[in-house]
Amino acid sequence: MNIIDESGILAISTRLQRLSEQLRKDGALIYKEFGIDFEPKWFPVILTLHHKKELSIVEIAHEIGYTHPSTISLLKELENKQLILSKKDKQDERKRLIEVTSKGEALVEQMKPVWELIKKVLGEIADNENNLLAAINEAETKIAEQSFYQRALQLKNSK
1 MNIIDESGIL AISTRLQRLS EQLRKDGALI YKEFGIDFEP KWFPVILTLH HKKELSIVEI
61 AHEIGYTHPS TISLLKELEN KQLILSKKDK QDERKRLIEV TSKGEALVEQ MKPVWELIKK
121 VLGEIADNEN NLLAAINEAE TKIAEQSFYQ RALQLKNSK
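In full-length UniProt numbering, the protein residues as written are 1 to 159.
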């Protein structure tokens, strides 16, 4: 056991980041194993647009829970790969609407069986005594009600 593991809850952010990086790295290897040129970091945007068809940048950022700059960075990568396209909104010329290209949709169809495999494997990993997904849902709900920062300030000011 290393110092981060021994630090318990104090190092939760580090441990979640470590877990996330491992899942992304292995996810990339899984796509590669199936001959699919796809980065796991693109997944939230592609999945969202596959289901919602056409959204603004702000709507995508909201859907995936990323900041506007992080979302724009992902969109640029996906546009360079010709997996999405951006066009002006007919109602509001300042607004850009994003959609998956036919190349992107073909890639989604190729990835669907891989996503089923990934779901099964991640289900096995998360299905333990303290169900990981349930715990993440509970933590995200608590943070939505009152952020980590707000809670820390409240505790600091109550002393």
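Hints are not guaranteed to be accurate.
[Unchecked claim] Using 20 Å as the maximum straight-line C-alpha spacing, the simulated EDC-like pairs for lysine to aspartate or glutamate come out as follows:
{"no.": "1", "residue 1": "K53", "residue 2": "D89"}
{"no.": "2", "residue 1": "K76", "residue 2": "D89"}
{"no.": "3", "residue 1": "K87", "residue 2": "E77"}
{"no.": "4", "residue 1": "K41", "residue 2": "E6"}
{"no.": "5", "residue 1": "K41", "residue 2": "E109"}
{"no.": "6", "residue 1": "K156", "residue 2": "E145"}
{"no.": "7", "residue 1": "K112", "residue 2": "E59"}
{"no.": "8", "residue 1": "K41", "residue 2": "E59"}
{"no.": "9", "residue 1": "K88", "residue 2": "E39"}
{"no.": "10", "residue 1": "K81", "residue 2": "E116"}
{"no.": "11", "residue 1": "K103", "residue 2": "E39"}
{"no.": "12", "residue 1": "K41", "residue 2": "E145"}
{"no.": "13", "residue 1": "K81", "residue 2": "E99"}
{"no.": "14", "residue 1": "K87", "residue 2": "E54"}
{"no.": "15", "residue 1": "K52", "residue 2": "D89"}
{"no.": "16", "residue 1": "K52", "residue 2": "E124"}
{"no.": "17", "residue 1": "K53", "residue 2": "E105"}
{"no.": "18", "residue 1": "K142", "residue 2": "E63"}
{"no.": "19", "residue 1": "K53", "residue 2": "E79"}
{"no.": "20", "residue 1": "K95", "residue 2": "E124"}
{"no.": "21", "residue 1": "K76", "residue 2": "E33"}
{"no.": "22", "residue 1": "K25", "residue 2": "E6"}
{"no.": "23", "residue 1": "K90", "residue 2": "E54"}
{"no.": "24", "residue 1": "K32", "residue 2": "E99"}
{"no.": "25", "residue 1": "K103", "residue 2": "D26"}
{"no.": "26", "residue 1": "K25", "residue 2": "E105"}
{"no.": "27", "residue 1": "K120", "residue 2": "E63"}
In case anyone wonders, no lab produced these hints; they're calculated from the structure.
As the structure is a computational prediction, the values presented were derived from the model and not from experiment.
Assess, step by step, whether the Cα of K103 is no farther than 20 Å from the Cα of D26, and give holds or violated.
Not satisfied, since the Cα-Cα distance of roughly 24 Å exceeds 20 Å.
Starting from K120, check that the Cα of E63 is at most 20 Å away, please.
violated (24 Å)
Straight-line Cα separation of K112 and E59 no greater than 20 Å?
Status violated; Cα separation ~24 Å.
For K41 and E109, compute the direct alpha-carbon distance and say whether it is at most 20 Å.
holds (18 Å)
Hint consistency between K41 and E6 [alpha-carbon to alpha-carbon, up to 20 Å]
Distance ~29 Å between K41 and E6 Cα, so the pair is violated.
Check the hint pairing K76 with D89 against an upper bound of 20 Å on the C-alpha distance.
At roughly 18 Å apart (the allowed maximum being 20 Å), D89 and K76 satisfy the hint.
Regarding the pair K53 and E79, is the alpha-carbon distance no greater than 20 Å?
The given pair, whose Cα atoms are some 15 Å apart, holds under the 20 Å limit.
Keeping to a limit of 20 Å between CA atoms, is the pair of K142 and E63 held or broken?
Holds. K142 to E63 sits at ~19 Å (cutoff 20 Å).
20 Å limit on alpha-carbon distance, applied to hinted pair K25 and E105
With Cα atoms ~23 Å apart, K25 and E105 exceed 20 Å; violated.
Pairwise hint evaluation, E99 against K32, where the allowed Cα distance is 20 Å at most
violated (25 Å)
Between K53 and E105, does the CA-CA distance stay at or below 20 Å?
holds (10 Å)
Holds or violated: K76 with E33, Cα cutoff 20 Å?
violated (25 Å)
Hint compliance for this structure: hints 4, 7, 9, 10, 12, 16, 20, 21, 22, 24, 25, 26, 27 are broken, all remaining hints hold.
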